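Let's have the full structure, built from the sequences with the hints guiding it.
The number in our numbering is simply the position in the sequence shown, starting from 1, with 547 added.
Simulated from the structure, these hints should not be mistaken for laboratory data. One should not assume that every hint holds.
[Claimed, not checked] Okay, derived cross-link-like pairs now, DSS-like style, lysine-lysine, Cα gap no bigger than 25 Å in a straight line:
#1 K602 / K613
#2 K553 / K565
#3 K592 / K604
#4 K592 / K602
#5 K572 / K560
#6 K602 / K588
#7 K654 / K669
#8 K565 / K555
#9 K631 / K641
#10 K558 / K572
#11 K572 / K588
#12 K592 / K572
#13 K663 / K678
The structure displayed is predicted, hence computed values, not measured ones.
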Amino acid sequence: LEMAEKAKEDKEKLESFKAHLTINKLRTRVDNLERDNEDYKNRIKHLLSEIDSIKQKDGDLITHQKRDINGLTQRRDFLEQELKSEREAMQNFKEQSRREMEELREKMSYEITELKTELLSKESKLDIYIKFE
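Below, the structure is given as structure tokens:
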């Protein structure tokens, strides 16, 4: 009977020890899981911080690129206006040159006619002069 009680006590102690071990294992596992959870939280915070940093850099780049694009657009518009002005000036110059050339042709034609008339008059006077001599 004593041995049965001793065996029963030993069995209870063994079950208590097993329960104690199981509880300790579960506590250790919970502690490990909590530590892993904290590590994941820290990694997530770090990644979110990196994402925010990248978003800020992207925003800065986009702003800078927009400024560059606006500057280039303004420069292009200015150059297009300059080109238009130069083309108009060239067209005006061509038109003015054409008018001046026409005027010069008319003057030259008139002067040639005058010179021919003068030459004919002098030839005629010379013929008359020669006839009288």
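These are the hints, each one checked on the structure:
Taken as a hint, the K602 and K613 pair is honoured in the structure, with Cα atoms around 16 Å apart against an allowance of 25 Å. Distance check on the hinted pair: K553 and K565 sit about 18 Å apart at the alpha-carbon level, within 25 Å; holds. With a CA separation close to 18 Å, the supplied pair K592 and K604 stays within the 25 Å bound. With a C-alpha separation of about 15 Å, the suggested pair K592 and K602 falls inside the 25 Å cut-off, and the hint holds.
Distance hint between K572 and K560 is fulfilled; the C-alpha atoms sit about 18 Å from each other, no more than 25 Å. Between K602 and K588, the direct Cα distance comes to roughly 21 Å. Compliance with the 25 Å bound is thereby established for this hinted pair. Under the criterion of a C-alpha separation no larger than 25 Å, the hint pairing K654 with K669 is consistent with the structure, at around 22 Å. Only pairs whose Cα atoms come within 25 Å are accepted, and K565 paired with K555 is accepted, the gap being roughly 15 Å.
Taking the CA atoms of K631 and K641, the gap is about 15 Å. The hint holds against a cut of 25 Å. Distance hint between K558 and K572 is fulfilled; the C-alpha atoms sit about 21 Å from each other, no more than 25 Å. Distance hint between K572 and K588 is fulfilled; the C-alpha atoms sit about 24 Å from each other, no more than 25 Å. Distance restraint check for K592 and K572: the Cα-Cα separation of roughly 30 Å exceeds the 25 Å cut-off, and the hinted pair is therefore not satisfied.
Restraint check: the Cα-Cα separation between K663 and K678 comes to about 22 Å, which is no more than 25 Å; the hinted pair holds.
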